[in-house]
Amino acid sequence: MPMQAQDIENLIRETFPSAKITITDLAGDGNHYSAEVIDESFKGKNRVQQQRAVYASLKGKMDGAHGDLHALALTTKAPD
Amino acid sequence: MTDAATQIKETVTTNDVVLFMKGTKSMPQCGFSSRVAGVLNYMEVEFADVNVLADDAMRQGIKDYSDWPTVPQLYVKGEFVGGCDIITEMMLSGELDTLLAENNVSYDKDAADKIREANG
Numbered sequence: 288m289p290m291q292a293q294d295i296e297n298l299i300r301e302t303f304p305s306a307k308i309t310i311t312d313l314a315g316d317g318n319h320y321s322a323e324v325i326d327e328s329f330k331g332k333n334r335v336q337q338q339r340a341v342y343a344s345l346k347g348k349m350d351g352a353h354g355d356l357h358a359l360a361l362t363t364k365a366p367d
Numbered sequence: 306m307t308d309a310a311t312q313i314k315e316t317v318t319t320n321d322v323v324l325f326m327k328g329t330k331s332m333p334q335c336g337f338s339s340r341v342a343g344v345l346n347y348m349e350v351e352f353a354d355v356n357v358l359a360d361d362a363m364r365q366g367i368k369d370y371s372d373w374p375t376v377p378q379l380y381v382k383g384e385f386v387g388g389c390d391i392i393t394e395m396m397l398s399g400e401l402d403t404l405l406a407e408n409n410v411s412y413d414k415d416a417a418d419k420i421r422e423a424n425g
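Chains Z and X, in that order, give the protein sequences.
Take the first sequence: its letter number 6 is residue 293 in my numbering, and every next letter is one higher.
Take the second sequence: its letter number 67 is residue 372 in my numbering, and every next letter is one higher.
So that you can see chain X by itself, here it is in the shape it has in the complex:
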């Protein structure tokens, strides 16, 4: 494994929820990253953020690691869940709630319902 792959594996196995993104959760630098970080923040999900713009090896490494060409990328308990489109769909359908609950990740159900109401 490359250094980046080793680092990614360690990050996704030592944190329950990890978002690889452009920018940080408090200051996203891309609309797609911002949308996913915004959903997680609003649902009060505790997650680690990795800014791929801060590290060229990571920027390419995360794409190789997941065989997925775009950022953001969300991982739950070490498993790649999806990018912006998939997370948006799963958020609105309630599948994201199920996934978090199944993995014992705490989140604010009322906040999730509010997002769905606003986008219903």
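Looking at chain Z on its own, in the form it has when it is part of the complex:
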């Protein structure tokens, strides 16, 4: 089932309340999104740790064939 960009942002925001979050629907099909998440908590963490935390905030929505979200291109960083 496709997801709305707002739903994705809401889920991420539950875990990262003060993050700067930008969601883009890449294909216009509600299935392929990119998300940029910029958050203070990423300071001192490598990309794998940062993105693992974002995936965790999506609570299983990415779980392959059973997930609502097929593809999410992630970019994460700490604020400059």
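Worth flagging that the hints you see were computed from the coordinates, not collected in a lab.
Don't take every hint at face value.
[What the hints assert, rightly or not] As a list, the in silico EDC-like pairs of lysine to aspartate or glutamate whose alpha-carbon atoms are at most 16 Å apart:
(1) Z/Lys348 x X/Asp372
(2) X/Lys330 x X/Asp308
(3) Z/Lys364 x X/Glu394
(4) Z/Lys346 x X/Glu394
(5) Z/Lys330 x Z/Glu296
Being a predicted model, the structure only gives us computed values, none of them experimental.
Since the structure of chain Z is provided, determine the placement of chain X on it from the hints.
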């Protein structure tokens, strides 16, 4: 450990570079897997490919092993490096070159520079 986890651990410790992917390095079956395999092929990095589509236990097992929900997944010297987005970023920034060099994995520096020039 599950059978899949044991198998994964053995694969990533006996091969310097391993890509868990959908399809094979000569015939990828997903755009994200294709991109990472394409970069490694072009940089002439010797790597083992594991087709998760060929084995359901592996398809779920690799996600549990790394606590990472997507495929492809790249491992260097037993360590999980990242998926498609991270590898792309590291490729373009030159961090992938550094990582390979630090782990004594041979690669074609000129080819890597060409990819960066083309995507600069």
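Evaluation of the provided hints:
With a CA separation close to 14 Å, the supplied pair Z/Lys348 and X/Asp372 stays within the 16 Å bound. Of the supplied pair hints, the one linking X/Lys330 and X/Asp308 is violated, its CA atoms being roughly 24 Å apart against a limit of 16 Å. Pair hint Z/Lys364 plus X/Glu394 holds up; C-alpha atoms about 12 Å apart against a cutoff of 16 Å. Annotation: proposed proximity of Z/Lys346 to X/Glu394 is violated, straight-line Cα distance about 25 Å (limit 16 Å).
Of the pairs offered as hints, the one joining Z/Lys330 and Z/Glu296 is violated, with about 21 Å between alpha carbons and a cut-off of 16 Å exceeded.
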